[in-house]
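Protein chains in written order, with the numbering used here: chain E, 1 to 147; chain R, 1 to 147; chain Z, 1 to 147; chain A, 1 to 147.
If you are wondering where the hints come from, they were derived from the structure by calculation, not from laboratory data. Warning: the hint list may mix true and false statements.
Identical copies look the same in the list; a pair holds intra-copy or inter-copy alike.
[Claimed, not checked] Taking lysine to aspartate or glutamate and the DMTMM-like style, the derived pairs with C-alpha atoms no more than 20 Å apart in a straight line are: (1) 127 with 81; (2) 127 with 36; (3) 127 with 86; (4) 51 with 111; (5) 21 with 75; (6) 44 with 67.
Protein chains: 4
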Amino acid sequence: MSEKTMIPPYERTAYYYETDKMGIVHHSNYIRWFEETRVYFLEKCGYPYRKMEEEGVMIPVLSASCEYKNAIRFDETVLIDLKVTEFNGFKMTVTYTVTGKDDGVLKAVGETRHFFVDSSLRPIRVKKEHIGIYNVFNDYKELCLQS
Amino acid sequence: MSEKTMIPPYERTAYYYETDKMGIVHHSNYIRWFEETRVYFLEKCGYPYRKMEEEGVMIPVLSASCEYKNAIRFDETVLIDLKVTEFNGFKMTVTYTVTGKDDGVLKAVGETRHFFVDSSLRPIRVKKEHIGIYNVFNDYKELCLQS
Amino acid sequence: MSEKTMIPPYERTAYYYETDKMGIVHHSNYIRWFEETRVYFLEKCGYPYRKMEEEGVMIPVLSASCEYKNAIRFDETVLIDLKVTEFNGFKMTVTYTVTGKDDGVLKAVGETRHFFVDSSLRPIRVKKEHIGIYNVFNDYKELCLQS
Amino acid sequence: MSEKTMIPPYERTAYYYETDKMGIVHHSNYIRWFEETRVYFLEKCGYPYRKMEEEGVMIPVLSASCEYKNAIRFDETVLIDLKVTEFNGFKMTVTYTVTGKDDGVLKAVGETRHFFVDSSLRPIRVKKEHIGIYNVFNDYKELCLQS
């Protein structure tokens, strides 16, 4: 994360119940951590996801993917950085980089794609009726492109 | 479960992601299996939980407890038996017995207590407006008391 | 799945605790269902994953991805079909198709990539020392290519 | 938590994937949060659970229970306080109080009981061979009794 964005990466320590019998964090949990990271960044951007939902906007996941580079162990802390790489008010692509806090080792990279829906789960263009939400994502995308 | 109830126990095989680094099923998952067992029994009683929710009735959990007797391993199959031990149309107590399918060993016993709410999460007495739901639980309780 | 494989798709009903506040199955669970599907297919192929682990072979996930086509609701049953699309004794690619049992609607498609490790988590080539395991995956890959 | 213990309660914000279709945190997650709280307190006591495991000591759960007082919503932050109410070097009882950070409302109370095992999952008395571990729990119990 460049200094321009001024949002420090999301810090997360692996819980015991997130490990499996291989002794490492189960791969499905990374997808959950990506969601935590999105919520964290929106909070830091001053527009919490909770508030978006109160406005009747939800951001379902169109696709999710993760490449696992190095295992994460119980009680290990990782830093998750997030970039908005595409956003047009209708669809959005978010990428994630997971790095060990102590060892600096790349643990995983991931991507999620999203669209925007109203409370009836109908797709919407947020630029029209939710300009505040539009701006949060568009501004952050610009920041990511510059960095 | 006695033959009178004619509902065979719920059969569940432990998934890989349910294990933790101790190599056994994480204890929190038993609470989830109890919920699966409730849904299974209601299905078998001919009144699926899904249908109760469509009628606007939900059955939140007031308390949950589990005693862990013997560890459950990956791919091990258990049989979970369910008894309604208390039900008055307002509150309900359900107990669970988890037994290894292959070894017959008692793995755990548990209990959940519930109340009934409408879609606004307000407590309701199901006997009044949801007699069908009342009868399902009351009949099953009677069956459990006899067995 | 063609008749040649003679392995019926994995059947899975969505649990209540797998839903989120959007009222649909949380997207992270699909990655877990893919794992369940792998375990199911190996069981059906006569070489359970449990047995592979007993032989000291584990099959970690290199990458996982899922495209979400249509939401899955509580208590909805899906059929998950699995194909081995690549396997060379060292790495493997598996694809998944998730279809509604009742509505026949395509719910999701996914892919996981794997490698093979010994109990020290060191990569291995299964053809050399674990020919039984090699044959299971290779035979199934052949079957998938033909179908 | 009294000032004597000098360990501030564990602070936890509910993740989106922890909610269910009722729109509140699924009850099974409280059991997981209790585990997180144990790990947090041991860290704060200067004897991380990770380190205990490295010494070959694990602390499985004999029983777990939770009474749900008030629902917890997505993105709501709770404070979880932990007391060791019984400890004799062989068995231990831990209690939990979950309170809303913003509203001060009691959300839940819980209890877990534990024993101590070596890496072969055989019960051990930690006073004998693991006096450091014994002291951590015994000291904290004393602190809890005084407060």
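Here is how each hint holds up against the structure:
1. When the C-alpha separation of residue 127 and residue 81 is checked against a cutoff of 20 Å, the pair qualifies neither within a copy, at 26 Å, nor between copies, at 39 Å.
2. For the homomeric pair residue 127 and residue 36, neither the shortest alpha-carbon distance inside one copy (25 Å) nor that between copies (40 Å) is at most 20 Å.
3. For the identical chains of this complex, residue 127 and residue 86 are intra-copy neighbours only, at 15 Å inside a copy versus 43 Å across copies, given an alpha-carbon limit of 20 Å.
4. When the C-alpha separation of residue 51 and residue 111 is checked against a cutoff of 20 Å, the pair qualifies neither within a copy, at 24 Å, nor between copies, at 34 Å.
5. In this assembly of identical chains, the alpha carbons of residue 21 and residue 75 lie at most 20 Å apart whether taken from the same copy (15 Å) or from different copies (12 Å).
6. Within a single copy, residue 44 and residue 67 get their C-alpha atoms no closer than 26 Å, and across copies no closer than 28 Å, so neither meets the 20 Å cut-off.
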